[in-house]
Amino acid sequence: MKTIKTVWTALKNIFRLKDQPLWLRRIFQLYIFVALFAPVIANREPLFMLQDGSWSFPAFQKSAYVIIRDNGSEFSMLRQAVNWQAVKSDVQIFAPIPYDASSSDLLNYNYASPLGKQWAIADISTSELKPISWRSRHWLGTTKTGADVLAGLIYSTRLSLFIGFFTILIASFIGICIGSLAGFFGDRTIRVSRTSLLISLLLVVPAGFYIFIIPEKIIGPTESENVPAYFTFLKIILFVFILLLPFNLRLKKISKDSTQKSWYIPVDTLLSRFIELFLSVPRLILIITLAAISRPSVMSLIIILGFTSWTGIARMVRAEFIRLKSTGFIEAATSLGLSNSRKIFSHLLPNAFIPVRVGIIFGIAGAILAEAGLSFLGIGLSPGTVSWGSMMAAGREQFSAWWLVVFPGLAISVLLIILNRIADQKNQFSQEKLL
Amino acid sequence: MIKNPALLLCSFLFLFACKESGKNRNFDSINLSPVVQLQDTLTVDPLWSKENTIISHLSSEPDNLHPCNGGSSPRSEILIQTQAFLLSTDFEKQTFAPELATSLPEISSDGLSLTYTLRKDAKWDNGETLSVSDIIFTAKAQKCPLTNNPSVKAYWKNLKTIIPDSRDSEKFTMIMKENNIQNMSFVTSFCIMQSSFHDPKNILNNFSFEQFDDSSFRPENEKALLDWAQNFNDDKYGRIPEYLNGLGAYKVVNWEAGQSVTIIKKKNHWTANSKDSRMLSYPEKIIYKVNKDENSVQLEFKTQTLDVSTNLSMGSFITLASNPAVSANYHHVLSLTYNYTFLSFNEKPENTKRAKLFTDKNVRRAFAFLTPVDNLTKVVYKEYSSYCKRMISNVSPLKPEFNSSLKAIELNIDTAVLMLNKSGWTDSDADGILDKLIDGIKTPLKVELIYMNSSPDWKDMATLIAESYAKAGIKTELMPVDLRVYMEKARQHDFDMLLGSWGGTSFPEDFSQLWHTKSWLNNGSNYSGFGNPESDALIDSIKTEINIEKRNKMIMRFQEMIYDDQPYVFLFCSMRRNLVHKRFGNVSLFADRPGLLLNNFKLLSTTAE
Amino acid sequence: MRSYLLKRIIFFIPTLLLLVLLSFMLLHLAPGDPVDRMMMGPDTQYHQDAGEMTDQRSYWTHRLGLDIPLFYLSIGSLENPKSVFDNKVGSWKKFVPFLHFHSDNQFHRWLFGDNLSSKGILRGDFGISYSSGQKVSDLISSRIGWSLFFALFSVTLAYLISLPIGLYSVQHPESLFSKTSYTILILLFSLPVFWTATVLLMIFSNPDMFYIFPASGVQPAGGFPAGISWIQKIRMTVPYLVIPTICYTYSSLAFLSRIFRVTISDVLKQDFIKTARAKGLPEKTDVGKHAFRNTLIPVITVFSSAFPSAVGGSILLETIFSIPGMGLTIYQSIDAKDYPVLIAVFFLTGLITMAGFLISDLLYAVADPRISFSKKTAS
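Protein chains in written order, with my numbering: chain E, 1 to 435; chain V, 436 to 1044; chain C, 1045 to 1423.
So that you can see chain E by itself, here it is in the shape it has in the complex:
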């Protein structure tokens, strides 16, 4: 419970909404509202239906089949196949926008303009067309297959916010961890005894063999493909744990033999080189290769993007830590007898946060745009999913369909403007207050 409270306070401190002007808060809340309540705002199915005295809430039911009553008899139909507009009922209440994000509307296909004529069926039996009613109009136009753009915008707000937020969560977590470790410990702080190092090195071959190779051999090559993916993750953790064991056992007490048979671990150098290695792989190659292995779902995209965007934050945190170390207030804190973790969390991190905050906020935008770029290339989310990026990529195809680009573009830019105003606010933990 306490962790939730601290996380909530941390979020509040990052976003600091109370100090913003009213219009900004309202728009931001609008985004959150739309993201949360998308299925109520735009839905193909009626929210409420009254048929022959029995009422139902089709939009909220999860069942695959729905019961349709027609002239006294009832039958069940597959939800996907129902044409709700044609169902006879006493009362039907539809969502404000009676479409969902990707269903086609072949009467208004091929980029119907929001300002032009749109059509609906006048009579099912004769397939005659009539001009569409105000209630069912596609207010922001349609795509090539006739999918409604406004519904698409609404659902993609939810998706893009989700992607942006969680990507940067992963990226900043990794980045802050690595950056602060590198900056704080530097090259000459951590010591291990030589024997532990040697033992650890010797353990690499047997541990690797028994953890990675033998299990596959025992199960057999075909069966081992059915093992879930996170097993590999567990194996890696086990491997690292075994390698770290000798250090924990403290075969020789370091503190007594302080200058002999012990080495410094150059944490900073190792981590910096690691960051460089990571950066050396052009991000696109990594993403394409990873995307080729597993079909891109929202979660895997978030993980891929998160794992490839942490380097910038790590470097900024490291640079700030190095700078702050030289100012001398770390020495002051040491002399006060503060522990390492207290130093990092209460003093260094909040100060290092200033440029990092900017990085985080732009990172959210960057993640959303990265997803857009991937949609453009054809990699990325599953093709049925609608996102701001996929709409803009589709909009490039038919340039005269300006509504496909202007509206998602506006949605992104307004969100970014808000995020930037938030980033503008001064951090209350700024350095001048501490010193």
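Among the clues, some could well be false.
Here are the simulated DSS-like pairs of lysine-lysine, each with C-alpha atoms no more than 27 angstroms apart in a straight line [stated by the list, open to error]:
no., chain 1, residue 1, chain 2, residue 2
1, C, K1163, V, K658
2, C, K1179, V, K658
3, C, K1318, E, K325
4, V, K727, C, K1179
5, E, K62, V, K877
6, V, K686, C, K1277
What the hints contain is simulated information worked out from the structure, not anything from laboratory work.
Assemble chains V and C onto chain E, guided by the hints.
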């Protein structure tokens, strides 16, 4: 403050959008015969460029221009102009025509010997005359195991040897191993190379065809052959203009990597006085310009920096056709091709992890009833979709051997659901997805549909297909993949359904490539796994039948077999989008690739001829 | 300082080698077989029986050296390393780990060349591309020029533009210019680069609107006219470069001016600035100098991150403008599993990235003398 820039942007784009929506669709731009001769413009606009240069659009760069080691279609397009072949195709008459040979070959009664006579007047750039030794060198180089041509080497496998005639120095005979209707046609794909240019020391003379066919032959142990191959395979022979050598009427003078390839007409070429009108070359220079971006290509046509394209998307074609400025300067024609689009099932998912979803022919037929082909053509061809012909079985409706008694399968969801239920697919757990007990395991009808991510049309088609299938309780997962991954999955049968297209030619097709069981066993182009001994036998007899009437009857029977078995849902025939600048005359469009011959384009002059 | 520099440069080589080893592993882990891809050809033009190609396939696998182990060392059992996966009843030796040494392996061949077609990287030969048959060094050198040019030029331009904007915004925070410039930059930033590229093309390369710039390519099609001086060549090339440069640059403007503004205003509020002012130092020069140095840290960090993308290029923009750069080449090589090209790309990117990091770390020390990399006594 914030709203203003956005509003400005909106109104700006609005203005711009209004400009674009001209309703000026020229419906005369459809011509539905296999060969279309474009009407030369009567009035030549004096503002048009007077240069006798064609700038042709390529949607991708050639991999290389090596006469032997390469395979992309831009390369073939360019090689048609810079190289020469023993036989070529007369697209208008739809027959083979001699190019370097004086006539079509004499074929022996068993079909294994083809005797050609070379023309005497063909000269290489250095003055040497074409001789039989060049033919023998070309064949040996293609068959040599050390040559870097893995994607085409198999085509030469059927050639046993070439025997020059002892009396007539221009005659030679190709001996083939098996009788095959492609024994004559395969030479139209491979250009002849000059032996003194690529093998000045005559090293290949020391090796025989039998040696190259022998699997125990170890070419790495032959130092001379190794050195020759090292030199021959060198990329300079495929890229640097000085090292590009050929018998064609044009030669490459410049290749800007990633940008353009320029060829110019050779002076006093041996084709200059040819009686065959296809061999006459009029343009002085041809520049092939690479441009992958549709919007950019549209702009280039608006500014007249491109003259010809056959690679436009449908959207670009319609936008340009409805632009009055563009249609004043360009012919825009939709021409028919023998290419078609299809949805393939995986009938035989053995040796893969795929579920046995489509082993039952009734299930496949049910899916055919579920596929909304008319909506697909609407989305791809938009207002021209009514001109688009449906594909019924594996032979194009443009061909004489098309079986017109077979009827197209129309969309009918209820029939489909009934058929699926009868085949054992019911929704036993009421989760909205049909399922069935296969080998004791309850398997849901979840289909993974693979398609190429190269063009957005595929994605739109796949989305519509998935939507339609969902109405019957089938869950379709869409998986766009790159070309090579696509080919890999298709050949290794690692798919449930796939969306694809085949190219066609006007020539008699050898059905074994796509439909013989051998082609499935060997991971060839028979993706679906169609085939049984009866169909195999029919394919083999078609391959060897010379009498046209008998063969067409067999082909119609074959179409019936395929129609019954339903290995594919056949979709529609593709139409090519052509844009040609009006300042050129004598332009013919034909169904086979590449669709037009640039060397025949005549620059119309301002004075009436 | 010098010893630090030396140490860093010495570290280059093992890190690079480690990078290449990791990339070998990554490439082999990814699904797909380069020989299969190579034999398919880039087009579906030729359908043929793949069965007749099995001997071709094994020949090419052997010839390209893809059937030998990856590295000098591999972990296996005491028995023959290949038999670990055999389920035959074997001896106890199967369960004992052992480190195998292979003298002939792919890494070795990359370093020293096979005796057939390549001489190895130690003699400057990057190998031959699987898909086009071109020498990798030729392929990369013909493409990398433009990628490097656009990346570095746009970064420099971005800095030159955002610094004055950031400074001005700090000095006049409430002015109209600060507010609107920032908003416009944010608007620009939020538009995906592929879209703005198209918009700019449609507006400025369009005869229906303003036809100022050409629509594609980096030089006139068909080459330059014969016999013109290189100054004229440059003048003819410039119109082709304007719109792509704008696209490469604009997205970093918002971020950079934000960074400048935040750090400058932050530094200006610090105590030592107050001290300097109190001492009566002239505002513009000395205070400015003090302030400037301190803002450089995050700025340098960002600058060095431009280097990795210099080699990789931007595939989006290169596709749209038909720029012959590395981005498209890399994308196609991934598709074709063209190992020599990809390894060379990893190697070069690694080299340039590490050089960039080294430069930025040195610049840290120059910018802030308190940061020192020379050995201190343990604190």
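Holds or violated: are the alpha carbons of K1163(C) and K658(V) at most 27 angstroms from each other?
holds, 18 angstroms
Hint consistency between K62(E) and K877(V) [alpha-carbon to alpha-carbon, up to 27 angstroms]
At roughly 22 angstroms apart (the allowed maximum being 27 angstroms), K877(V) and K62(E) satisfy the hint.
Taking 27 angstroms as the top limit, are the C-alpha atoms of K1318(C) and K325(E) close enough?
holds, 21 angstroms
K727(V) paired with K1179(C) [C-alpha distance capped at 27 angstroms]
Distance of about 25 angstroms is within 27 angstroms: holds.
Is the straight-line distance between the alpha-carbon of K1179(C) and that of K658(V) 27 angstroms or less?
holds, 22 angstroms
Just to be careful, I want the Cα atoms of K686(V) and K1277(C) compared with a cutoff of 27 angstroms; is the pair within it?
holds, 25 angstroms
Taken one by one, the earlier hints all hold for this structure without exception.
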